[in-house]
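**Q** Sequence:
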Amino acid sequence: MGILTDTFANSWGDAAQGALLRPVQSWLAEHPLLGWLVGHPLWALGLGLVGLLLFAGLWSAIARLTEGFWLSLVKLPFQLSGWIFGAVSGLLVRRWAKPHQLATGDDRLSEIVGRLETLQTEQEHLLAEMRELLGKKGEG
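The sequence shown: position 77 = 279 (this note's numbering), numbered continuously.
Check each hint, because a few of them may be wrong.
Unchecked claim - Dumping the calculated DMTMM-like pairs for lysine to aspartate or glutamate here, alpha-carbon to alpha-carbon at most 25 Å: (1) K339 with E324; (2) K339 with E326; (3) K338 with E319; (4) K339 with E319.
Don't read these hints as lab results, they were simulated from the structure.
Predicted model, so just to flag it, every value in this text is computed and none were measured.
The whole structure should be built from the sequences, with the hints applied where relevant.
**A** Printed below as a string of structure tokens:
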């Protein structure tokens with residue numbers, strides 16, 4: 203019974219192996235370059251790595267080309283909202299400032315003139331002190 207079982211298992215194994223390998227062998231016969239690569243696995247590994255590096259370079263080149271587009275697309279809503287907010291707020295400030303401009307303009311003008319007079323007085327005092335120090339230095 204052992205011989206009969208071995209013969210039966212071998213025949214099924216040969217049939218399954220032939221059914222699976224026959225299409226692969228015919229495909230490799232139609233594509234001799236790939237058949238050569240299957241026969242030389244180190245070359246296939248090296249060519250696979252080179253292909254992977256080339257693909258990575260292509261991928262990064264595409265990413266660099268589209269980076270500017272994607273960044274501008276992401277920034278666009280913020281730029282538009284900033285432009286709209288700036289235009290609306292500028293319009294509101296101008297409308298609000300017109301009635302108050304005359305009153306605050308005169309106050310500000312008098313404040314500026316007062317500060318300039320104070321600075322001029324301080325400048326004259328400092329110049330006099332500098333002349334005095336230079337005069338003492340020239341005598342000594």
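**Q** Hint by hint, note whether the structure agrees.
**A** To see whether the hints hold, each was checked on the structure:
no.	hint	verdict
1	K339 with E324	holds (23 Å)
2	K339 with E326	holds (20 Å)
3	K338 with E319	violated (29 Å)
4	K339 with E319	violated (30 Å)
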